[in-house]
Structures are given as structure tokens and as C-alpha cells.
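Since chain A is already given, all that's left is putting chain B on it; use the hints.
Single-letter residue listing:
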Amino acid sequence: MPKSSSVKAPAEPGRLSVRKTYKLYIGGAFPRSESGRTYLVDGDNVALASRKDARDAVLAARAAQPKWAGATAYNRGQVLYRIAEMMEARRAEFTALGVRSSELSAAVDRWVWYAGWSDKIAQVAGGANPVAGPFFNISAPEPTGVVAVVAPPSLLGLVSVIAPAIVTGNTVVVLAAGPQVAITLAEVLATSDVPGGVVNLLTGRYAETAPWLASHDDVNAIDLTGVDHPDVAIELERAAAGTLKRVIRPVTGGVDFTADPGLRPMTALLETKTVWHPKGY
Amino acid sequence: MFEYAPAPESRSVVDIAGSYGLFIDGAFDGGKDGNVFKTVNPATEEVLAEVAAAGPEDVDRAVAAARRAFGPWSALPGAERAKYLFRIARIIQERSRELAVLESLDNGKPIKESRDVDLPLVAAHFFYYAGWADKLAYAGFGPDPRPIGVTGQVIPWNFPLLMLAWKIAPALATGNTVVLKPAETTPLSALFFADVCRQAELPPGVVNIVTGAGDTGAYLVQHPDVNKVAFTGSTEVGREIARAVAGTGKRLTLELGGKAANIVFDDAPIDQAVEGIVNGIFFNQGHVCCAGSRLLVQESVADELLASLKRRMATLRVGDPLDKNTDIGAINSAAQLTRITELSEIGASEGAERWSPECTLPDRGFWFAPTIFTGVTQAHRIAREEIFGPVLSVLTFRTPEEAVAKANNTPYGLSAGIWTEKGSRILAVADKLRAGVVWANTFNKFDPASPFGGYKESGYGREGGRHGLEAYLA
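So the sequence lines, in the order shown, correspond to chains A and B.
Residue numbers in the first sequence follow the numbering used here, run continuously in steps of one, and reach 281 at the last position.
Residue numbers in the second sequence follow the numbering used here, run continuously in steps of one, and reach 474 at the last position.
Warning: the hint list may mix true and false statements.
[Unchecked claim] Simulated pairs of lysine-lysine, DSS-like, Cα-Cα distance not exceeding 27 Å:
#1 B/Lys32 / A/Lys279
#2 B/Lys406 / B/Lys445
#3 A/Lys120 / B/Lys432
#4 A/Lys120 / B/Lys135
#5 B/Lys432 / A/Lys67
#6 B/Lys112 / A/Lys279
#7 B/Lys445 / A/Lys279
[As the list claims (entries may be wrong)] Cβ pair distances, simulated, as ranges:
#8 A/Ile138 / B/Glu342: 34 to 42 Å
#9 A/Gly98 / B/Ala428: 17 to 25 Å
#10 B/Asp60 / A/His229: 30 to 38 Å
#11 B/Asp60 / A/Pro230: 23 to 31 Å
#12 B/Ser349 / A/Thr21: 52 to 60 Å
#13 B/Arg425 / A/Gly36: 45 to 53 Å
#14 B/Asp267 / A/Tyr281: 52 to 60 Å
#15 B/Ala75 / A/Thr258: 54 to 62 Å
#16 A/Tyr281 / B/Arg384: 36 to 44 Å
What the hints contain is simulated information worked out from the structure, not anything from laboratory work.
These numbers come from a predicted model, not from an experiment.
In this text, a Cβ means the ideal position worked out from N, Cα and C, and glycines have one as well.
Chain A with its partners taken away, still in its complex shape:
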């Protein structure tokens, strides 16, 4: 059961504890919602993200995307591994928010798993094509760009939707459920050499903000894994059709995040680029 920050800070006789303010995570900074709104979650006043916050987050994600995609795969892998290190170091903080130890371990291990994929996925998903002519012809995966994510509530679910998107060079705008856990993860990301804007986390009600992301002209894909209302999922998929976004649909009955994720969470957010060049003296 998640506890409020007022409860989780260890009591010390004669000293008033310092509480944490849960804010948004946009462009590497922790701003309040521009709307000034908050909502109460387990005793904490949490920032309630607005349409404008979502659009600001898209700007930050777009600005960060070329450089993140242009970093070497080795470098991105090291950054993801660093996230695992920082998360491991903050276990107590997640545990205090009610995350079970086994789930926490699985979440840390998932970062490590995806860290290793950064410099391997291109060989698995791409390669030389044996065309019938004197041509060099090669296909390689590239990130699709900016990805909006409606995240599932659990920490393992949250990590399992962010990691496959960013490991290949996408940047994300995440509408997080479980706001204290999500913002604690943002604090991990902020101290893990993840460039600002690569991951942007918004807390609040996805039904309010997701439609703006689904119809946003500068968002390339939308992951609806965390959408728990079928009608909302349909509306979002329809809105996404306006700019032909890539859509990851919610799975009926939910995703078993403890299972091997396979390649699809990564490949669904990759484009294949094929380059031809003639051969000759």
C-alpha cells in the first residue's frame, strides 16, 4: 500500500521532517504544472499536468531526440546501465512507496537487459539484402522519433514501456500512473546521465492529456499500453490516425511484465531505412 511522504519519512523526536514536493519532469527539470493544479494522492499534493504541460514536454522531447539518437549505441547502453545502478541505489525509496522488492529487482534488471540491446538490435533487426543486381543494399533500424506513452501503473510496467523506446534513440513523453513512484523514477533518471528531454514524465489524468498527444503533429508514435478503458483506447487510436502515428495498442487482460518482453516493444518503435548504392569501378 503506497504511503504518503509524511508517513514514510522516519520520525525523529524533536525534528520536523522535510517532505518532498512531487512535480513534473520535463526537459531534465522538475517544474510544477503550468496550470498550477495539483491533486491529492495518498496524502501528497501531486502536480496535475495540463495540455500545455504535454505540449511543452513534446517540445523538450523533440529537441532532445536528434542528439540522443545520434549518440553511439554504446553510449546509450552505458546510460541505461547507469539508470539501473542509480535505481539499485535508491531501493529504499521505492520500497518506502510500497513497491515490492521482487518487482523492484525485476525493474532494475529490465534496465540492464535493455542496456545490452542498444548495440545489438541493429544487427538483429537489420542487415545486408541480397538484391539481384550490382548494388550494395543494407537495411538498418532507426528510432521513429518522439513517442507518447500512456504508462501502466506498476513500476515494472513503467520501466518496461520507457526502456524499449529510449534504448534505440527515441525520446518519450510519459503519462504516468502511480505518480510518486513515477517521479521517484524521474529522480533516478535525472541523476543517471540521461540527457534532459529524453524522458519526460507527466503526472495526472491521462484521459485529459493523452488526446492532445495522440493528435499532436510532432509526435511520431503512441504507446497505449496503460489505457484501461477500451473506448478511450479507440478514441486515441482514431486521433493518432490523423498523422499516421505508430500505435501500440493496449493488450486485453493486460501485459505480463514479468515475462520476457521479446523484440516487439523495441521494433514497434523503429523504422527500417534501406540504403542502395551501385557497385562498380
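Positioned in the frame of chain A, the structure of chain B alone reads:
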């Protein structure tokens, strides 16, 4: 320019019947409500045949036939499915001259292209995917990849038989069954393909062909018993389909429009680049989604290149698609000619400079002279909208960064071209272009082993190669 004597390909190799029905469950029949439409030769406006227009009940029957066939077809060992596809590939090779002439008659494309590009690629595509049918477990989509079910496929008129091959070959290799709707202006080669299926003794219902217009296609993609939709066509219709399948759980791949940049740097070999530019925009009358319709030329060589391009364009032969010397055939339909004409007029009215070589166009049929616009800016509609005709918009740039920025300044992302002798520049620019296919020092090359498909609003999914299997596997 030399005078050429006419060198017409004989149309006697193809026997077109007066009317055609739908191909459902292995047999041809007229549509339920008896509606028909005419398909014309766009080079002469002669009616080639009357074709049944499939209504909802006809599509229902076709989908039901595909559903019945799905169980046994998907249960066949892959090696056996492969042999059907190999048979189809061989029959296409054997009948390629007939099918090439048919395609040129119904579509208007030069026989040189239908004979040397379309038909060889059609056969090769079936041959390629035939080989995958018993090797799917090695394709990297899990140890036990399964077919999806009944696929509804809607294809365009620019490469009728080739687009059919791109859709049907991977669908069948993976164990799915097919209901395909060809474009209303080019239905004939799909109906001849139905006969190829019969010759190959493909089990009834595995491939069904329903002819008709947009409403037939809309009904097909929205049919509740279709599990996977594959569409090639305009971005606008692609959006409608994406909206229509939302919430149905149907799998969807879309290959849509483009506005490709063909970038010529100052060190490019001018003669080769000019050939590439001509091929990029005038191949198939410019009715190519990946056409190099925006020429980006480095300012320092723009004058020299344009002079050379104009000289080359003056030698293009526009006319009878069945003449073996013809470079540019007929525009596919009156409607498409209207769109090309309108956008070209807008180009001129917005201030771009229009140029075409002197060329005599036939009196009957739908024709448009090869055209270039110079002085085009990124704001011009002819630089932003897909014209889908033999019309090239020329823009200039000074630095590679500017070229990349202009190339990517479009909601489309299907293809791009790069012309330079500098290898490192090719690789750097290719990396930065947001396009699914990049041709460097070449253009408009296709191969069944080479994945094809777009970024951004040019659609999603890939056709061709190992990648092309994914859309048809659960």
C-alpha cells in the same frame, strides 16, 4: 533528335474478354446486384472490358471463402505452400509477355517498363516469398510464427500487378488467405492473376479478387471477419483506413504517399545525376509514390545541371505505351490528368517557372508532357503536395545541412536520393534523411529482397525482404 520508326509490341498476345466477373472461391461470377464498370485504355480511351463492381454481399462471400480456405491453407506444411507460390512465379514468367502487354493497355505505362521492370519483379517477388514459406521459424519473429487469418488488401493503379505481388506473395507464404481489391482503373491484371491461380491449382478461396471502386475497398477493410488490412495508396485514404480499423484489433500496414527529395551535390557526375533525375520523376509517368519529385540541387551547379536536364528531357519520347521506344506513356485516368494539370497551374500561378520540351501529344487519351518547375520555394504547393505525375519541382541549396533540412521538411518520408562522389557524405546524409528508402547515386531501384516502406505520414510497415513477413505473422 533522330526520327524513330514505330516499333509497336503486338497486342495479339493478350485476349481480353468483353466482360469479367469477380473471382471468389476459385470461380468467376458476376456481382450479386449486376453492377459493372468499364475499364479503358488511357492511351486511346477505348473501353477494354466491363468489370463487375463488387457490392457488400460480394465482399461478404469473398471473405467467407477466404475464411473457409484459411484453416486448410494455414495447416499445409510450409514446403507445400511454397510449391504453389513457385508454380505461380513460373506461370507468371511463362505468361509475362501477355501480362506485360495487358498491363500497358490497362494502365498506360510504356511496354519497356511493364516488360523489363514490372513483370520481372512480379515473378521475382513470388519466387522470393515462396522460399520463405517453410523457413518462417528462422525469420526472427519467434520460434512458432503463426498466420493472422484473412487479409483484406487494397492496391493502387500505378503498378497493378506488382502491388498485387507485394501483397499476395508474403500473405500466402505465411499461411494467410487473401481478398484483394485492385484499383478501379486497372482491374484487368488482377483478374488475369486469378487465372494464374487457377492454372497453378491454388485451392479455392485462398485468393479472391473483388473489383470495384472506393466503396468496395472501404467495405472490405471494415469487414468484421478480416484480420489484417494492407493498403497502398494515398495518404488521405490511409488516414481513413487507420481511423476505421481503430479499436477492431485488425493488424494494419500502410504504404502511402511521398514527396521525395533527390539531392544533387556539386561534385556529382552530372550525366549520371541527370539520368537519375529523369528516372526518378519520369519513370512510370511519375505515378510512383517514391518518385523523386523534389530536385534539390546545389546552387553552384544548378545552371549546368538544369541545362543538361533540359537537353535530356527533349529526347524523351511521349506516346503509344505499346511502342518499344516510348519513354513516357499515358496518364492513367482523366481524373489523375486533371489533378496533375491543376497542381501544375497552381505552380505557375504561385510564381514558379514552368518548362516542358516541345512534344506532340496524341489527340486521344490522357497525356501530360514532362514538366519541370524552377524557382520553387518550400512554401509552394508543388513542393509540398504529391502531384503523382511527370512534374518535377526544382529547389536549390548551398550546404549539406540545408539540403538535409529541406529534404526532411515534409510530412512524408518514403524515399530520397543522393548524388555525390564523396562516400562519407553519402553515408552522413543517408543517416540524416528521414525516409524509408535512400538511393545513393541511383534511383527507383526495387528488389523483392529489399524492404520498402515509409517514415512519418508515408505509412508504416515494410514490404519486401525478411521485414515484409512481419505484417503477416501473429
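So, going through the hints one by one against the coordinates:
no. : hint                            : result
1   : B/Lys32 / A/Lys279              : 54 Å, violated
2   : B/Lys406 / B/Lys445             : 23 Å, holds
3   : A/Lys120 / B/Lys432             : 21 Å, holds
4   : A/Lys120 / B/Lys135             : 23 Å, holds
5   : B/Lys432 / A/Lys67              : 12 Å, holds
6   : B/Lys112 / A/Lys279             : 24 Å, holds
7   : B/Lys445 / A/Lys279             : 13 Å, holds
8   : A/Ile138 / B/Glu342: 34 to 42 Å : 40 Å, holds
9   : A/Gly98 / B/Ala428: 17 to 25 Å  : 49 Å, violated
10  : B/Asp60 / A/His229: 30 to 38 Å  : 32 Å, holds
11  : B/Asp60 / A/Pro230: 23 to 31 Å  : 26 Å, holds
12  : B/Ser349 / A/Thr21: 52 to 60 Å  : 58 Å, holds
13  : B/Arg425 / A/Gly36: 45 to 53 Å  : 50 Å, holds
14  : B/Asp267 / A/Tyr281: 52 to 60 Å : 18 Å, violated
15  : B/Ala75 / A/Thr258: 54 to 62 Å  : 33 Å, violated
16  : A/Tyr281 / B/Arg384: 36 to 44 Å : 40 Å, holds
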